[in-house]
Amino acid sequence: MITKINKYLFFIIYFALSINGAAQKYSLLIKGGHVIDPRNKIDTTTDVAIADGRIVLIGYHIDESKAEKVIDAKGFYVTPGLIDIHTHNFFGTVPDHYLCNSFDALPPDGFTFRCGVTTVVDAGSSGWRTFKTFKEQTIMHSKTRVLAFINIVGEGMRGGPYEQNLNDMDVKMTGLTILQNSEIVGIKVAHYDGAEWDPIKRAVEAGKMSHTPVMIDFGEHEPSLSLEELVLKVLRAGDIFTHAFANVNGRMSVVDDSGRVRPYIREAQNRGIIFDVGHGGASFAFCQAAHATKKGFFPNTISTDLHTGSMNSGMKDMNNVMSKCLNLGMSIQQVIDCSTWAAAKAIQREQLGNLSVGAVADIAIFYLRHGKFGFTDAYGYRMEGSKKLECEVTIRAGEIVYNLNGLSCPSWDGK
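Take this note's numbering: the last position of the sequence shown gets the number 415, and nothing is skipped along the way.
One or more hints might be untrue.
Dumping the calculated DSSO-like pairs for lysine-lysine here, alpha-carbon to alpha-carbon at most 30 Å [as the list claims (entries may be wrong)]: (1) 294 <-> 387; (2) 295 <-> 316; (3) 295 <-> 345; (4) 345 <-> 143; (5) 41 <-> 345; (6) 172 <-> 135; (7) 66 <-> 31; (8) 31 <-> 69; (9) 208 <-> 172; (10) 345 <-> 172; (11) 387 <-> 295; (12) 172 <-> 201; (13) 41 <-> 69; (14) 345 <-> 135.
Pair by pair, the computed Cβ-Cβ distance ranges are [unchecked claim]: (15) 233 <-> 371: 42 to 48 Å; (16) 65 <-> 211: 44 to 50 Å; (17) 371 <-> 406: 21 to 27 Å; (18) 141 <-> 350: 25 to 31 Å; (19) 209 <-> 406: 48 to 54 Å; (20) 250 <-> 166: 17 to 23 Å; (21) 232 <-> 369: 37 to 43 Å; (22) 258 <-> 182: 44 to 50 Å; (23) 133 <-> 208: 24 to 30 Å; (24) 110 <-> 173: 30 to 36 Å; (25) 369 <-> 223: 45 to 51 Å.
No lab work stands behind these hints: they were computed from the structure. C-beta: ideal position from N, C-alpha, C; glycine also.
Use the sequences and the hints to build the structure in full.
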């Protein structure tokens, strides 16, 4: 809930803006929803007013007569638009290119708004050689805000031997590409199976050069590299360890065989390593996630690793992953934080993931269903749960882009 101090500040801002906005006309007014905004520590029932694509007022009992359109959000949660920091959206038609300009990636707009996601971060599908194509082909033509980690491999996530090519892992070109393109938020390392630390160390160097984080998909090395060394010595505070709850060959898991979180994992999180869900098609195991959350170890960010394989298996979509986390013991406030404000901070885009006055009006409205639901992990196991999030409305830059049950539409009178 709003703290005592923040509650006073909230009222001061509300009354000041009410005076300044006495004649303000709102394009959209969201009335009576339970607003959760972790950045501003708002966790209460209130109203949100939008004009010119931005949030202009948050407060109680905002005058409906000033709004062109009103959404009655009573009984719903109102949150910042979700940020999915691990997706694969470099969709194309080039054969044998895995997630780089090929068929296994997904065009973002068809799979974001229906889940309340307004920002995606493509996780290494492109590299410095291929980012230009990704930008011109996808980023510039999407209503969804599309950002990117670029791969330390110049070709990107092309699969097979291309991702094993140390000669295509260029620190300088990767760093320069980031500095020249504001849509790039960091560097991705994935799928390298050699015994060397080189790909990770080169990615970290490029991160230092560009002042951006590294996201790492760690494992498959032959022989295995040390997870403890990775999170305590190689990675920096602010770097992102994705697939946190995977249980795969070639990588030590965060939970040991006795169901305990390894001590150095907690130490790494405390020193600023970001542990990201990154569910994917093969990277989320109940035997990891359930034990970890039961022991009080929670992810810093929630993401999907969205591609054709994961969306048609246990992952499904962002709301399904968030619902799993709810049923594993995380609160609705924690789940929203991990999917909005914490995600914005992780990618160094703090203008996103919040409902501050003046912020772009990226907003999601959710209904929390109660009942009997089934969830599966990436290894074929089923878990029953009693809670499931369902996106009702998504607003991108003040425009309603998804409206499941027509909550903002006038009723048809039958004529």
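Do the hints match the structure? See the list:
1. Between the alpha carbons of residue 294 and residue 387 the distance comes to roughly 17 Å, so the proposed pair stays at or under 30 Å and holds.
2. Simply put, residue 295 and residue 316 have alpha-carbon atoms about 26 Å apart, close enough for the 30 Å limit, and the pair holds.
3. Proposed proximity of residue 295 and residue 345 is supported: the alpha carbons are some 25 Å apart, at most 30 Å.
4. For the hint pairing residue 345 with residue 143, the CA-to-CA distance comes to about 22 Å; that is within 30 Å, so the pair holds.
5. Among the hinted pairs, residue 41 with residue 345 is consistent with the structure: their alpha-carbon atoms are about 15 Å apart, no more than 30 Å.
6. For a cut-off of 30 Å, the pair hint linking residue 172 to residue 135 stands: about 20 Å separates their Cα positions.
7. In summary, the hint linking residue 66 to residue 31 is supported, as the alpha carbons are separated by about 13 Å, within the 30 Å threshold.
8. Annotation: proposed proximity of residue 31 to residue 69 holds, straight-line Cα distance about 11 Å (limit 30 Å).
9. For the given pair, residue 208 sits about 11 Å from residue 172 by alpha-carbon distance, which is consistent with the 30 Å threshold.
10. With a CA separation close to 25 Å, the supplied pair residue 345 and residue 172 stays within the 30 Å bound.
11. With a C-alpha separation of about 21 Å, the suggested pairing of residue 387 with residue 295 holds against the 30 Å cut-off.
12. For the hint linking residue 172 to residue 201, the alpha-carbon distance of about 13 Å falls within 30 Å, and the restraint holds.
13. Taking the CA atoms of residue 41 and residue 69, the gap is near 27 Å; set against the 30 Å cutoff, the hint holds.
14. In summary, the hint linking residue 345 to residue 135 is supported, as the alpha carbons are separated by about 23 Å, within the 30 Å threshold.
15. At roughly 46 Å, the beta carbons of residue 233 and residue 371 sit within the given window of 42 to 48 Å.
16. Judged by the Cβ atoms, the range 44 to 50 Å given for residue 65 and residue 211 holds: they are separated by roughly 48 Å.
17. Distance hint for residue 371 and residue 406: a CB-CB separation of about 23 Å, consistent with the stated range 21 to 27 Å.
18. Checked against the hint of 25 to 31 Å, the C-beta distance between residue 141 and residue 350 comes to roughly 26 Å, which is consistent with it.
19. In this structure the hint that residue 209 and residue 406 lie 48 to 54 Å apart at CB holds, the actual value being about 49 Å.
20. A hinted range of 17 to 23 Å holds for the C-beta pair residue 250 and residue 166, which are about 19 Å apart.
21. Taking the beta carbon of each, residue 232 and residue 369 are about 41 Å apart, inside 37 to 43 Å as hinted.
22. A hinted range of 44 to 50 Å holds for the C-beta pair residue 258 and residue 182, which are about 46 Å apart.
23. With their beta carbons about 27 Å apart, residue 133 and residue 208 fall inside the hinted range of 24 to 30 Å.
24. Under the hint 30 to 36 Å, the C-beta atoms of residue 110 and residue 173, about 32 Å apart, fit the expected range.
25. A hinted range of 45 to 51 Å for the beta carbons of residue 369 and residue 223 is consistent with their spacing of about 47 Å.
In the structure shown, no violation is registered for any of the earlier numbered hints.
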